[in-house]
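Build the full structure now, drawing on both the sequences and the hints.
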Amino acid sequence: MSISVELIKKCATKVEGHADDIDDLAVFTNSREQVVNGLFVPIEGERFDGHQFLEQAIQSGAVAAIWTEGKALPENLPNDFPIFYTDDSLKGLQQLAAEYLKEQSPKVIAVTGSNGKTTTKDIVEHVTATAFETYKTQGNYNNHIGLPLTILTMPETCEVLILEMGMNHFGEISLLSKIASPDIAIITNIGESHIEFLGSREGIAKAKLEIVDGLKPGGTLIIDGDEPLLTGFRSEQHTIMLCGYNGRDHIQITQVTADINGYKFQINENEGSFYIPLLGRHNVKNAALAIAAAKQLGIHCSDIQKGFDHLSVTGMRLETIHGRNGALIINDSYNASPTSMKAAIQTVRSLPGFQKRVIVLGNMYELGADEEKLHKQVAEDISPPVTHVITIGEKAKWIAEELASNEDGITIAAFSDKTLAIPHLEKLLAPGTVLLFKASRIAALETLVAELKA
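Per my numbering, residue -1 is the first one in the sequence shown, and the count goes up by one each step.
All clues stand as given, with none of them false.
Straight line, CA to CA, 20 Å or less: simulated EDC-like cross-link-like pairs of lysine to aspartate or glutamate: (1) 395 / 378; (2) 176 / 97; (3) 214 / 170; (4) 69 / 14; (5) 100 / 21; (6) 204 / 224; (7) 425 / 415; (8) 12 / 67; (9) 7 / 18; (10) 204 / 364; (11) 7 / 97; (12) 262 / 307; (13) 89 / 67; (14) 8 / 86; (15) 7 / 101; (16) 425 / 449; (17) 100 / 181; (18) 89 / 42; (19) 7 / 19.
These are computed hints drawn from the structure, not numbers from a lab.
Okay, here's the thing in structure tokens:
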């Protein structure tokens, strides 16, 4: 990818320096990142201001910068160094991304939802790559800074761009959607993530539906057909597709069967039969959302299955790892909400062939005033064949306390710190044992996985 000076000028209120001497620029915001022909965009945060690091950015390869008007430039900056002034450098970055998208004009698929955004993004990318040159959000670059940077690193050959959109406050998805102007928008589900800031599941649904704010007229909104908070939404400007297990759904999932590696299912009775090599029945729904998007792009069912055949997803999402002593570890520790935690537990309960099923759960955050209640509700989904439950942290302890009132033979242990749990977990590592690790990102339970893997 390369960004032209003419495109940058469209986003600038004025230009200083010899801007005509440069072209084909690579955008970056981290002054320590080594680049060639770089356009530095300083971001102002709560604890830092990127405008203070222009000299370091130049040493890293910057040959020009977008700059907030009124911010002081370094005293020894050469007079001919190109500066593109804007009212706000972050807004300049976002506008530049929008202009670059207009110039390149790929089909844009936007993905949001309480859970499953990253996995659905990965599935969509694998499926669309069977027919088009694709590019997707890398890692978790899904916010007001990461999304523009994703767009601005998109290769010029890209035909389909898949963008993940995250948020924790109202207005954030609206902004991202207006930058990306998607042709297709997907909402995976509505859970409890960020309920502390959004007030209720109804509030979460309202925030996720902001994705239509930038959806092109005539574009398609693909939603979870089993979620009443979404199925009542109407739009005169857009096509709405429902995916789920309901007979009214445009993509209806039927005849689901599982094996140790994934799920076989059909859509719309005999329209197509598919196999997805992912754990977790919820991933069947994510696959159906991807099928809906693929069909909007004219991709045939046989090519969709080819995409599934070569599927790999971002790590720490029901990731299977060989543990010590022949145990199987399922690392689902990237993040957690009550909905996704329950889904992960059901995945472990349904796996065939294990004598011991160990559930390791950590704290969940941003659940607001009902956090204790929501933690305790997770216990409702824990029953045999689960054999052991280990909680880590004061919030997760509520799950253990709720389970302790049941008499179902499950062994329960609660630890205040994850390092204290290691000796206990090591004793459980054996053939025929599966261990699930699930918690919010801040808990970083993957460090436990690293201690226990083969």
